[in-house]
Amino acid sequence: SQQGEEDPQALSIQEGENATMNCSYKTSINNLQWYRQNSGRGLVHLILIRSNEREKHSGRLRVTLDTSKKSSSLLITASRAADTASYFCGLIIQGAQKLVFGQGTRLTINP
Amino acid sequence: EPEVTQTPSHQVTQMGQEVILRCVPISNHLYFYWYRQILGQKVEFLVSFYNNEISEKSEIFDDQFSVERPDGSNFTLKIRSTKLEDSAMYFCASFGRGWYEQYFGPGTRLTVT
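Protein sequence lines correspond, in order, to chains A and B. Its first residue numbered 1, the first sequence is counted upward by one per residue in this note's numbering. Its first residue numbered 112, the second sequence is counted upward by one per residue in this note's numbering.
Treat the hints as calculated values from the structure; they're not laboratory data. Cβ coordinates follow ideal geometry from the N, Cα and C atoms, glycine included. Every clue listed holds true.
Listed next, the stretches of chain A that the computed footprint assigns to chain B, with coverage defined by at least 3 CB atoms under 8 Å from CB atoms of chain B:
#, region
1, 41 to 54
2, 91 to 98
3, 102 to 111
Short, incomplete list of chain B residues facing chain A, as computed with Cβ under 7 Å:
#, residue
4, 154
5, 156
6, 159
7, 216
Please construct the entire structure, taking both the sequences and the accompanying hints into account.
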């Protein structure tokens with residue numbers, strides 16, 4: 001399968017804790033993009049990491065990419081109730097232009 | 112900040128009817144996409160559009176579907192004869208140049224009864 005597989009499927013933590021989500025894939029990629037989706041809403045682009053990059057930061061977000069293990073992680077530090085959402089990794093496969101998504105991780109931040 | 116917009120936000124239609132979903136991509140973007148998400152499932156690619164023609168389409172995008180960029184701003188998805196299984200959220204996305212960083216609209220929820 002070309003799609004990313006997020007792990008865990010669901011994650012529930014206390015506000016202020018860090019949340020880590022993982023994405024694994026099986027093919028060669030051009031880049032990997034993380035998106036957030038609030039219930040019933042659109043996809044919000046969070047961060048893009050290129051295949052030749054290993055780590056990127058954006059505010060409270062930290063993304064890593066290990067192309068040898070074909071995996072990526074998204075770390076949200078100091079979580080807030082507003083971070084409650086589903087998080088998806090989208091792959092741009094080499095030679096393609098479309099995003100291929102996994103099933104997502106449903107993150108719940110408890111106050 | 113520029114954003115992708117979509118109309119309507121919710122469309123209810125009867126099986127067999129035609130629907131047109133509308134999108135206004137970010138103005139200087141060149142690549143346009145439609146994705147769909149059946150409730151509770153993952154987001155699936157439908158079609159990509161570049162230089163006024165389809166560049167790629169999925170198995171889902173059969174003869175009942177068509178896309179058009181009728182003017183310099185709108186990008187539409189038409190479903191000619193809707194089926195119950197077409198009920199889903201439909202997302203438009205666009206990107207400009209570089210690394211295919213795609214920006215999504217808020218979606219149109221299509222309900223086929």
